[in-house]
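Chains G and X supply the protein sequences, listed in that same order.
Position 442 (the first sequence) corresponds to 444 in my numbering; numbering is contiguous.
Position 282 (the second sequence) corresponds to 284 in my numbering; numbering is contiguous.
I should point out that these hints are in silico values taken from the structure, not numbers from a laboratory.
Heads up, a few of these hints could be off.
[To be verified] Pairs of lysine to any residue, SDA-like flavour, derived with a Cα cap of 25 Å:
#, chain 1, residue 1, chain 2, residue 2
1, G, Lys280, G, His469
2, G, Lys180, X, Asp494
3, X, Lys322, G, Met285
4, G, Lys325, X, Tyr561
5, X, Lys24, X, Ala570
6, X, Lys13, G, Met285
7, X, Lys322, G, His140
8, X, Lys180, G, Gly324
9, G, Lys180, G, Lys325
10, G, Lys322, X, Phe289
11, X, Lys443, G, Pro327
12, G, Lys13, X, Ala570
13, G, Lys325, X, Asp494
14, X, Lys322, G, Glu167
15, G, Lys225, X, Tyr561
16, G, Lys325, X, Gly175
Computed from a predicted structure; not experimentally measured.
Protein chains: 2
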Amino acid sequence: MAYRAPVSEYKFLFDHVVGLDKVTGTDRFEEATRDVTSAILEEAGKMCEEVLAPLQRNGDLHPARLENGVVRTSPGFGDGYAAIAEGGWIGMAASPEYGGMGLPYSLQNAVNEMMGGACLSLQLNPLMTQGQIEALEHHASDALKDIYLPKLISGEWCGTMNLTEPQAGSDVGALRSKAEDNGDGTYAVTGQKIYISWGDNDFSENVCHLVLARLPDGVDGTKGISLFMVPKLIPDADGNPGVANSLKVVSLEHKLGLHGSPTAVMQYDGATGWLVGKPHGGMAAMFTMMNNARLGVGGQGIAVAEAAYQHALSYARDRKQGKTPSGDAITGHADVRRMLAQMKAETFAARSIAAACAVAIDMSTATESAEWKARAALLTPIAKAFGTDIGIEVSQQGIQVHGGMGFVEETGAAQFLRDVRVTAIYEGTNGIQSMDLVARKMMDGGEAAYALIDEIEAYAEGVKSSHPDLAEPVFNAAETLRETTEWLVEQDLNDRFAGAVPYLRLFARVLGGYYHLCAARADGEGSARWKLANVYLHRLLPEHVGLAAHVRRGAADLYELTDEDLAA
Amino acid sequence: MAYRAPVSEYKFLFDHVVGLDKVTGTDRFEEATRDVTSAILEEAGKMCEEVLAPLQRNGDLHPARLENGVVRTSPGFGDGYAAIAEGGWIGMAASPEYGGMGLPYSLQNAVNEMMGGACLSLQLNPLMTQGQIEALEHHASDALKDIYLPKLISGEWCGTMNLTEPQAGSDVGALRSKAEDNGDGTYAVTGQKIYISWGDNDFSENVCHLVLARLPDGVDGTKGISLFMVPKLIPDADGNPGVANSLKVVSLEHKLGLHGSPTAVMQYDGATGWLVGKPHGGMAAMFTMMNNARLGVGGQGIAVAEAAYQHALSYARDRKQGKTPSGDAITGHADVRRMLAQMKAETFAARSIAAACAVAIDMSTATESAEWKARAALLTPIAKAFGTDIGIEVSQQGIQVHGGMGFVEETGAAQFLRDVRVTAIYEGTNGIQSMDLVARKMMDGGEAAYALIDEIEAYAEGVKSSHPDLAEPVFNAAETLRETTEWLVEQDLNDRFAGAVPYLRLFARVLGGYYHLCAARADGEGSARWKLANVYLHRLLPEHVGLAAHVRRGAADLYELTDEDLAA
Numbered sequence: 003m004a005y006r007a008p009v010s011e012y013k014f015l016f017d018h019v020v021g022l023d024k025v026t027g028t029d030r031f032e033e034a035t036r037d038v039t040s041a042i043l044e045e046a047g048k049m050c051e052e053v054l055a056p057l058q059r060n061g062d063l064h065p066a067r068l069e070n071g072v073v074r075t076s077p078g079f080g081d082g083y084a085a086i087a088e089g090g091w092i093g094m095a096a097s098p099e100y101g102g103m104g105l106p107y108s109l110q111n112a113v114n115e116m117m118g119g120a121c122l123s124l125q126l127n128p129l130m131t132q133g134q135i136e137a138l139e140h141h142a143s144d145a146l147k148d149i150y151l152p153k154l155i156s157g158e159w160c161g162t163m164n165l166t167e168p169q170a171g172s173d174v175g176a177l178r179s180k181a182e183d184n185g186d187g188t189y190a191v192t193g194q195k196i197y198i199s200w201g202d203n204d205f206s207e208n209v210c211h212l213v214l215a216r217l218p219d220g221v222d223g224t225k226g227i228s229l230f231m232v233p234k235l236i237p238d239a240d241g242n243p244g245v246a247n248s249l250k251v252v253s254l255e256h257k258l259g260l261h262g263s264p265t266a267v268m269q270y271d272g273a274t275g276w277l278v279g280k281p282h283g284g285m286a287a288m289f290t291m292m293n294n295a296r297l298g299v300g301g302q303g304i305a306v307a308e309a310a311y312q313h314a315l316s317y318a319r320d321r322k323q324g325k326t327p328s329g330d331a332i333t334g335h336a337d338v339r340r341m342l343a344q345m346k347a348e349t350f351a352a353r354s355i356a357a358a359c360a361v362a363i364d365m366s367t368a369t370e371s372a373e374w375k376a377r378a379a380l381l382t383p384i385a386k387a388f389g390t391d392i393g394i395e396v397s398q399q400g401i402q403v404h405g406g407m408g409f410v411e412e413t414g415a416a417q418f419l420r421d422v423r424v425t426a427i428y429e430g431t432n433g434i435q436s437m438d439l440v441a442r443k444m445m446d447g448g449e450a451a452y453a454l455i456d457e458i459e460a461y462a463e464g465v466k467s468s469h470p471d472l473a474e475p476v477f478n479a480a481e482t483l484r485e486t487t488e489w490l491v492e493q494d495l496n497d498r499f500a501g502a503v504p505y506l507r508l509f510a511r512v513l514g515g516y517y518h519l520c521a522a523r524a525d526g527e528g529s530a531r532w533k534l535a536n537v538y539l540h541r542l543l544p545e546h547v548g549l550a551a552h553v554r555r556g557a558a559d560l561y562e563l564t565d566e567d568l569a570a
Numbered sequence: 003m004a005y006r007a008p009v010s011e012y013k014f015l016f017d018h019v020v021g022l023d024k025v026t027g028t029d030r031f032e033e034a035t036r037d038v039t040s041a042i043l044e045e046a047g048k049m050c051e052e053v054l055a056p057l058q059r060n061g062d063l064h065p066a067r068l069e070n071g072v073v074r075t076s077p078g079f080g081d082g083y084a085a086i087a088e089g090g091w092i093g094m095a096a097s098p099e100y101g102g103m104g105l106p107y108s109l110q111n112a113v114n115e116m117m118g119g120a121c122l123s124l125q126l127n128p129l130m131t132q133g134q135i136e137a138l139e140h141h142a143s144d145a146l147k148d149i150y151l152p153k154l155i156s157g158e159w160c161g162t163m164n165l166t167e168p169q170a171g172s173d174v175g176a177l178r179s180k181a182e183d184n185g186d187g188t189y190a191v192t193g194q195k196i197y198i199s200w201g202d203n204d205f206s207e208n209v210c211h212l213v214l215a216r217l218p219d220g221v222d223g224t225k226g227i228s229l230f231m232v233p234k235l236i237p238d239a240d241g242n243p244g245v246a247n248s249l250k251v252v253s254l255e256h257k258l259g260l261h262g263s264p265t266a267v268m269q270y271d272g273a274t275g276w277l278v279g280k281p282h283g284g285m286a287a288m289f290t291m292m293n294n295a296r297l298g299v300g301g302q303g304i305a306v307a308e309a310a311y312q313h314a315l316s317y318a319r320d321r322k323q324g325k326t327p328s329g330d331a332i333t334g335h336a337d338v339r340r341m342l343a344q345m346k347a348e349t350f351a352a353r354s355i356a357a358a359c360a361v362a363i364d365m366s367t368a369t370e371s372a373e374w375k376a377r378a379a380l381l382t383p384i385a386k387a388f389g390t391d392i393g394i395e396v397s398q399q400g401i402q403v404h405g406g407m408g409f410v411e412e413t414g415a416a417q418f419l420r421d422v423r424v425t426a427i428y429e430g431t432n433g434i435q436s437m438d439l440v441a442r443k444m445m446d447g448g449e450a451a452y453a454l455i456d457e458i459e460a461y462a463e464g465v466k467s468s469h470p471d472l473a474e475p476v477f478n479a480a481e482t483l484r485e486t487t488e489w490l491v492e493q494d495l496n497d498r499f500a501g502a503v504p505y506l507r508l509f510a511r512v513l514g515g516y517y518h519l520c521a522a523r524a525d526g527e528g529s530a531r532w533k534l535a536n537v538y539l540h541r542l543l544p545e546h547v548g549l550a551a552h553v554r555r556g557a558a559d560l561y562e563l564t565d566e567d568l569a570a
């Protein structure tokens with residue numbers, strides 16, 4: 003069935019749930035009027051439906067491959083990429099000074115989701131470039147910006163991130179790649195990097211690698227790491243692609259899914275690179291890139307959840323099997339209906355959290371407010387981990403709705419699961435996200451968390467008198483979250499880590515309840531969103547009790563169980 | 003890493019958790035002494051580790067394929083099958099009269115799990131044959147038994163089940179295949195069947211299809227369906243494979259996983275068949291086959307959970323990444339430890355439930371007791387659905403433990419998920435299992451459920467004074483289950499169906515708590531099982547609160563949400 007971009011859903015979210023008017027009311031984003039926003043969502047939606055969605059199966063059936071050192075991409079991907087670039091969708095949020103549109107990140111986030119729902123493996127390419135644009139905007143010298151930003155924003159060149167090495171995955175500080183000063187303003191970068199998404203392609207003029215490596219005087223660990231721009235083709239005096247750099251794609255991974263996206267092992271042999279940011283300041287620069295990339299990956303999960311849901315709903319509405327209390331199709335069976343309703347309710351929850359995070363990022367950019375920065379920082383790991391977990395869970399349920407057909411590849415239901423599975427792993431595993439939430443994001447003693455919980459409780463309080471059946475579950479769950487947070491911030495780090503994943507889930511559960519409540523109230527009693535909120539609040543939100551108990555268990559019992567006990 | 007068959011785990015379960023001594027204390031199974039049982043588990047375990055486990059990747063990398071109408075199986079599968087057949091593992095529980103060992107089903111169930119953990123796609127073959135043996139033992143004429151049972155039990159011939167047609171999946175009664183009386187004691191069977199696991203192979207002398215079809219005077223629906231034995235090669239007067247029957251494999255499915263198992267579309271064109279059971283009594287005969295096959299499929303889920311757990315643990319013990327509070331390997335990280343502990347605790351819970359179900363089946367066989375029959379009937383859908391759900395969940399966590407390597411196919415972590423995914427679908431989807439639990443299995447007004455809850459509460463009561471921290475969570479969760487059951491049996495069927503899946507999960511959660519408690523008590527304070535029980539009881543069992551709330555929501559809210567609302 004054809005993918006339908008969630009254009010009206012985003013309009014509703016912006017107007018009634020996450021308040022984009024806050025963002026467009028700032029000087030920085032005043033040009034993003036409601037008309038502009040609508041036009042952009044509609045135009046992007048059209049491109050996703052018409053150009054990108056037809057490519058989704060191509061990527062799966064005809065994976066990117068390496069031929070004599072050259073990456074050949076899946077059929078149609080070159081045209082799809084050209085459409086993305088020509089539409090200006092890569093540089094939507096980038097600085098107009100270099101050709102970007104300077105639009106709110108909230109809009110880019112929405113368009114990214116649509117592109118991901120249409121064709122995830124291709125969408126990952128501009129997502130990487132967007133992260134690189136942002137890192138360069140914040141950390142590169144003017145000289146580098148002048149050369150690279152216009153090309154990246156126009157899409158003529160693509161960007162990649164090179165962090166991981168075989169012995170340095172989640173522990174980036176263990177990396178061994180080296181950089182030596184050439185004495186002419188350039189550096190010689192040497193090392194092997196793995197899991198490089200879109201490490202090469204056959205449709206962009208150049209591929210620009212941001213590579214983490216250690217200078218000779220760099221200390222061990224993350225504090226001794228620097229960031230370098232290492233282009234595939236070295237720009238000549240006019241800024242056009244020149245001679246080939248000393249780097250190559252060694253191999254492509256054979257993966258569970260996302261076959262259209264070439265995942266490369268990259269080898270740098272004294273490749274010419276330019277320092278981005280300060281010496282030994284690589285991690286700070288990389289974090290800029292990673293934070294928004296994390297939200298972007300959360301959006302990938304939501305994108306697949308939306309697509310898998312549409313796919314399953316379409317199948318279920320056509321499929322007849324047995325007698326149901328309502329209609330011929332299997333949507334009439336209570337259990338199938340439960341699955342579909344859950345899929346839709348979870349997708350809404352995850353999307354709202356991501357959209358709220360994007361608004362917080364825009365408000366940080368527009369106002370430099372410490373509160374908004376803290377809000378964005380708090381919501382980023384939740385948006386990433388919950389969005390991708392929901393992507394996996396909704397894809398799983400999508401397969402289940404299909405019955406036997408779900409296991410047959412031709413249906414396409416299984417591809418969603420295979421493609422989305424990696425999103426819970428890359429850009430920091432969901433375990434890492436959860437640890438980030440309970441450690442770094444709680445260094446304020448829980449202040450940012452309490453501010454958000456206050457907001458939720460105040461809102462629920464306001465709805466309580468008129469609609470206690472909707473408001474009370476949200477208020478009560480928020481109270482549980484508050485108590486759990488109060489407990490959490492008093493614990494040692496490792497006791498927090500032991501409950502980090504259920505804590506993040508608990509937080510997301512409550513946030514989902516809050517946004518469902520906002521949507522129900524805005525859409526009115528008896529509306530579709532009202533009914534969907536009912537499903538979420540009374541079937542899924544009650545999970546908060548079990549999650550809170552899990553969090554409060556601490557770490558001790560896990561260590562009492564020795565490695566030998568685990569192997570027994 | 004090498005698969006290690008859970009031999010000692012089964013010995014412990016039999017001795018201390020599910021009480022196999024009840025079974026071996028009956029006249030029927032008195033020959034299955036503790037020594038016999040041990041020897042069988044060990045011998046089967048050895049075969050699984052040495053012969054079957056090395057085939058697991060072969061099946062994935064070199065799928066079964068159809069060449070000019072002939073199925074070619076994966077490299078080594080013929081030898082693996084021969085080892086299974088020669089070991090007598092197919093007919094372990096079959097009647098000695100026809101060459102079987104007459105052993106308890108509990109033992110067969112354990113060996114099936116081990117074979118499935120070693121190589122799931124090959125194990126599915128004898129699992130199907132075992133179901134066929136049982137159906138023939140119960141329903142076939144002596145003439146048919148004499149021809150088929152010895153060959154099936156020895157493994158010279160294989161058996162399949164043919165239920166599904168494109169328009170008749172979960173709704174078996176909608177099938178259109180026909181059978182006409184040839185007037186010579188045989189029938190002409192015509193129709194197309196889909197999803198036929200191991201519909202053909204190149205290593206057995208013959209393939210025996212049990213096919214559901216409708217006689218000319220068969221009414222619509224399940225009451226007009228009859229069961230036929232339709233062999234690939236028609237046995238001659240001496241019972242040896244003779245002329246080819248009018249049937250063929252039309253195509254094989256291209257599936258998400260389980261590539262080593264050929265899933266066939268079968269075409270019957272007036273094929274010669276023999277009636278099994280009474281005319282129009284096909285569903286009754288099929289149910290015999292299906293009930294134990296359901297437990298067998300639950301065992302497949304547990305098998306994969308065990309294998310995926312071992313695989314992930316082995317990786318985690320080798321992998322070094324970052325500083326941990328305990329040792330160099332990533333098992334020292336609290337979040338990784340949490341995942342591994344959960345995986346192990348869930349696998350134990352699912353395996354105990356399946357083993358308890360197998361014991362109930364054996365007690366039914368040995369004593370014809372109505373209580374044991376009701377217990378077996380109650381536990382079967384729980385063992386199937388929970389076992390396979392845990393298979394999926396543990397495989398998912400196994401991928402997560404591997405980090406980026408989990409998404410790379412060479413690691414093998416992803417194969418577990420791909421292979422096991424279908425187990426939640428075939429032999430009745432897990433939704434169907436849940437509906438069976440809340441409807442058919444509650445036709446007694448909940449009597450069988452209450453009997454089991456009584457048993458759990460009495461046990462927990464007995465442990466309370468000495469170990470309240472372990473016993474109280476079990477007792478309280480059992481009370482929640484009792485109250486939820488009391489509510490459930492008062493509802494209309496469709497209100498039950500709307501909460502069927504969370505109800506089954508709730509039941510499984512409580513049972514898991516019960517068996518963990520038994521294990522902890524038997525193994526003693528501070529033992530590995532004690533510590534694992536602690537993890538389950540305080541981290542996972544608390545989910546029961548949210549599940550109970552979900553169950554009690556009924557169906558109304560799901561139907562208020564119209565198809566149009568779902569598509570909005």
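Has the given pair, Lys322 of chain X with Met285 of chain G, been kept, meaning a C-alpha gap of at most 25 Å? holds, 21 Å
Pairwise hint evaluation, Ala570 of chain X against Lys13 of chain G, where the allowed Cα distance is 25 Å at most: Distance ~13 Å between Lys13 of chain G and Ala570 of chain X Cα, so the pair holds.
Starting from Lys24 of chain X, check that the Cα of Ala570 of chain X is at most 25 Å away, please. violated, 57 Å
If you draw a straight line from the CA of Lys325 of chain G to the CA of Asp494 of chain X, is it 25 Å or shorter? holds, 16 Å
Hinted pair, alpha-carbon criterion (25 Å max): Lys325 of chain G, Gly175 of chain X. Please report holds or violated. With a Cα-Cα distance of about 11 Å, the restraint between Lys325 of chain G and Gly175 of chain X holds, given a limit of 25 Å.
With a cut-off of 25 Å on the C-alpha distance, tell me whether Lys13 of chain X and Met285 of chain G pass. Violated - the C-alpha atoms of Met285 of chain G and Lys13 of chain X are around 52 Å apart, more than 25 Å.
Regarding the pair Lys443 of chain X and Pro327 of chain G, is the alpha-carbon distance no greater than 25 Å? Holds - the C-alpha atoms of Pro327 of chain G and Lys443 of chain X are around 21 Å apart, at most 25 Å.
Regarding the pair Lys180 of chain X and Gly324 of chain G, is the alpha-carbon distance no greater than 25 Å? holds, 20 Å
Are the Cα atoms of Lys322 of chain X and Glu167 of chain G separated by 25 Å or less? holds, 13 Å
So if I understand the rule, the pair passes when the alpha-carbon distance is 25 Å or less; does Lys325 of chain G with Tyr561 of chain X pass? Roughly 15 Å separates the two Cα atoms, so the pair holds.
Against the 25 Å threshold, does the CA-CA distance of Lys280 of chain G and His469 of chain G hold or violate the hint? violated, 55 Å
Lys322 of chain X paired with His140 of chain G [C-alpha distance capped at 25 Å]: Not satisfied, since the Cα-Cα distance of roughly 33 Å exceeds 25 Å.
The structure fails hints 1, 2, 5, 6, 7, 9 and 15 (numbered hints given earlier, in ascending order).
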